Structure formats: C-alpha cells, structure tokens
Amino acid sequence: MVKRFQNRIAESRSSFPVAALLCTLLWGLIGWDNYSMRISYAAVAIATLLMVEFNNANVLIRIYSRMVSCTFLVLMTMSTFNLQDYGIAIVSMCCIGHYLASFRSYQDKNAVGCIFYAYLCLGIASIFNVNILYMLPLFLIVQRTNLLAFSFRILCAALLGLICPYWFLTAYCVAFGKLHFLTHHFAPLVQFCEVGDFTLLSLSQTVCVAFVFVLAIIGAIHFLRNSSSDKIRTRMLYEMFIIVDVFSFTILAIQPRLFNPLYGIIVINTSPLIAHFIALTHTRWSNIMTIIIILLSVVITIFSAWII
1 MVKRFQNRIA
11 ESRSSFPVAA
21 LLCTLLWGLI
31 GWDNYSMRIS
41 YAAVAIATLL
51 MVEFNNANVL
61 IRIYSRMVSC
71 TFLVLMTMST
81 FNLQDYGIAI
91 VSMCCIGHYL
101 ASFRSYQDKN
111 AVGCIFYAYL
121 CLGIASIFNV
131 NILYMLPLFL
141 IVQRTNLLAF
151 SFRILCAALL
161 GLICPYWFLT
171 AYCVAFGKLH
181 FLTHHFAPLV
191 QFCEVGDFTL
201 LSLSQTVCVA
211 FVFVLAIIGA
221 IHFLRNSSSD
231 KIRTRMLYEM
241 FIIVDVFSFT
251 ILAIQPRLFN
261 PLYGIIVINT
271 SPLIAHFIAL
281 THTRWSNIMT
291 IIIILLSVVI
301 TIFSAWII
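Counting from 1, one number per residue, gives the positions in the sequence shown under this note's numbering.
If you are wondering where the hints come from, they were derived from the structure by calculation, not from laboratory data. As the structure is a prediction and not an experimental result, all values here were calculated from the model. Cβ atoms here follow ideal geometry from the backbone N, Cα and C, with glycine treated the same way. Treat each hint with caution, since some may be false.
What the hints assert, rightly or not - Per label pair, the in silico range of CB-to-CB distance: (1) HIS282 with VAL190: 44 to 54 Å; (2) TYR35 with LEU224: 24 to 34 Å; (3) THR283 with SER12: 14 to 24 Å; (4) PRO17 with TYR172: 21 to 31 Å; (5) ILE243 with GLY196: 17 to 27 Å; (6) THR283 with TYR166: 25 to 35 Å; (7) VAL130 with THR206: 19 to 29 Å; (8) PHE186 with THR206: 25 to 35 Å; (9) PHE5 with SER229: 33 to 43 Å; (10) LEU224 with ALA175: 25 to 35 Å; (11) ASP197 with GLN84: 21 to 31 Å; (12) ILE243 with LEU203: 21 to 31 Å; (13) ILE39 with SER202: 28 to 38 Å.
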C-alpha cells in the first residue's frame, strides 16, 4: 500500500509534538499577556491531553495515530477569536471529560460511578455556560442507544452528578447574599433570538463553523461508507459523534446565539471523524483533500488572529 503525504503525517510520532509547539507559539504571539488567554490556553492544553487519553482508551483509530488530538488542537486554535473568553475553553475541557467518563460505561448498566463523574463534568460546564444544558436530553438518549448502558440507577447518577456543582454554587450564593445570581444564571435558557439570525455571528465565526461543518460532512460520509472495517463498539461511538454533530449544527442553525457553547462540542465530535478520514484513506484524491484541509486551517487561523 502506497504511503502518501497524509499517511506519513497521520502515522508520524512527531505530528502531535509539532502541532502542540506551533499552536503554543501562536497563542503566545496573539496575546500571552492577556489573563483570559492564559486560562484558555491551560484549559485547551488539558483538553488536548484528555483527547489523547480519550483516543487511547477507546481505540478510535485502528492504527497508531495522534490525528484525533492533533485535529482537535488545530480546530480549537483556529478559532482564536474565542480564546479571549476562557469559559468556552473550559466548557470544551469539561465536555471531553464527560465523554471520557461516559464512554467507560459502554454496555455496563452498573457503571454509576463513571456516569456520576461524566455528568459532574457537564454540570461544571453549565456553570460557565448554562446553555450547555440543552445537550442533556441528547446525551441521555445516546447513553441508551449507543453506549447501551441505561437504567434507573444510571439516570439517578447522571442527575446527581449534574446538580452537584449547583449545591456548592447555591451555598456560596446563600452565604454571600447573592441568590439573585442563580436567577440571572438560568435566564439564558429561556432567551431566544430570531430563528436563523446569522447576523449575530462575526465573519470569523461564520468562516470557522462553515469549515468545521464541511469537515464533519467529509468525515461522516467517509466513516459511513467504510464503517464495516471497524469493530462494533467503534462504530457505535462514531455514530454517536455523528448524531451529536447533527444535533449541534441543527441547534446552531436555529439559534446562532448559542455559537459559544456549541462550537467546542462540534469540534470535539468532528475531530475523530476527520481524523479517521485522514489516517485511514490512501487515495490520490484524499491526499489532495488533506493538503487542502491543512492549508485552509492555516489560512483561517491567520485570518482569525488578524481580525481579533
């Protein structure tokens, strides 16, 4: 089998260190003196390491490859306009923690500990952006349909994990007389903009989400056409990525104001899909497409950094 440029990158042990170094340099250049930027960098760095463990624990790609973590890091760094809001990076970090814990419950209806920690991560994420709670019903559904681990005990563990951070938040508000904060915190859940009002998005946001949308389509089509080569467990997990991506893009199309909490989730689910495409295809056209994807990622990253 011919090893093309895309395969050498996907299978190289130096791909991840090089990507991490280049992204770190970029973060330093665009605003290391910014306090929020430093917190965002720390959160994305932790999220990337969790992505490495996530890939290792679930064998998302059947060959040695660090493309899942590389694509995640590149797509997060590409949206440099978001890095000034550390809440977005923390939400992404918590969502990966949710996946890492919940995926350990695969076909185990007694994995209440894993589920508690998974939804604890989701609860922490909702502290920084309450709109993440819109994803709760979907996560519970795929817990049943794709992870095949759902029971009354699992549901109770999920709800307890979700509300656990709010016990501490409520105690803090009571102690300091800030109960009004809770009202303001949950208010965005019932606030809606005009359907499909994309004027709420900046040009950079529109370009980034459009690019990731194209990557999601490429990755999803590739996987659905070649899924028979993967194990059943891997197929179930990738189908979950596709389902969550479709739901997230749909919500984003209806309510563009939810871009901030949804972009991180979209990147998390799209990264394995496009990584699977890059690592496991060997045709001339896929090689050309990979080169185009890399070049566009660089151009969009520079564009986003330039207009901050």
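Consistency of the hints with the structure:
At about 50 Å, the CB distance of HIS282 to VAL190 agrees with the hint of 44 to 54 Å. For TYR35 paired with LEU224, a C-beta distance near 44 Å fails the hint of 24 to 34 Å. In this structure, THR283 and SER12 meet the distance hint of 14 to 24 Å, their C-beta atoms being roughly 19 Å apart. Checking the proposed 21 to 31 Å range against PRO17 and TYR172 shows it is violated: the Cβ atoms sit about 41 Å from each other.
About 22 Å separates the C-beta atoms of ILE243 and GLY196, a value consistent with the hinted range of 17 to 27 Å. Separated by about 50 Å at the C-beta atoms, THR283 and TYR166 break the suggested range of 25 to 35 Å. Checking the proposed 19 to 29 Å range against VAL130 and THR206 shows it holds: the Cβ atoms sit about 24 Å from each other. Remark: the range hint 25 to 35 Å for PHE186 to THR206 is upheld by a beta-carbon distance near 29 Å.
Separated by about 22 Å at the C-beta atoms, PHE5 and SER229 break the suggested range of 33 to 43 Å. A hinted range of 25 to 35 Å is violated for the C-beta pair LEU224 and ALA175, which are about 52 Å apart. Distance hint check: the CB atoms of ASP197 and GLN84 are about 23 Å apart, consistent with the given range 21 to 31 Å. The hinted range of 21 to 31 Å is satisfied by ILE243 and LEU203, whose Cβ atoms lie roughly 30 Å apart.
Roughly 22 Å separates the CB atoms of ILE39 and SER202, a value that falls outside the hinted 28 to 38 Å.
Checked against the numbered hints listed earlier, the structure breaks hints 2, 4, 6, 9, 10 and 13; every other hint is satisfied.
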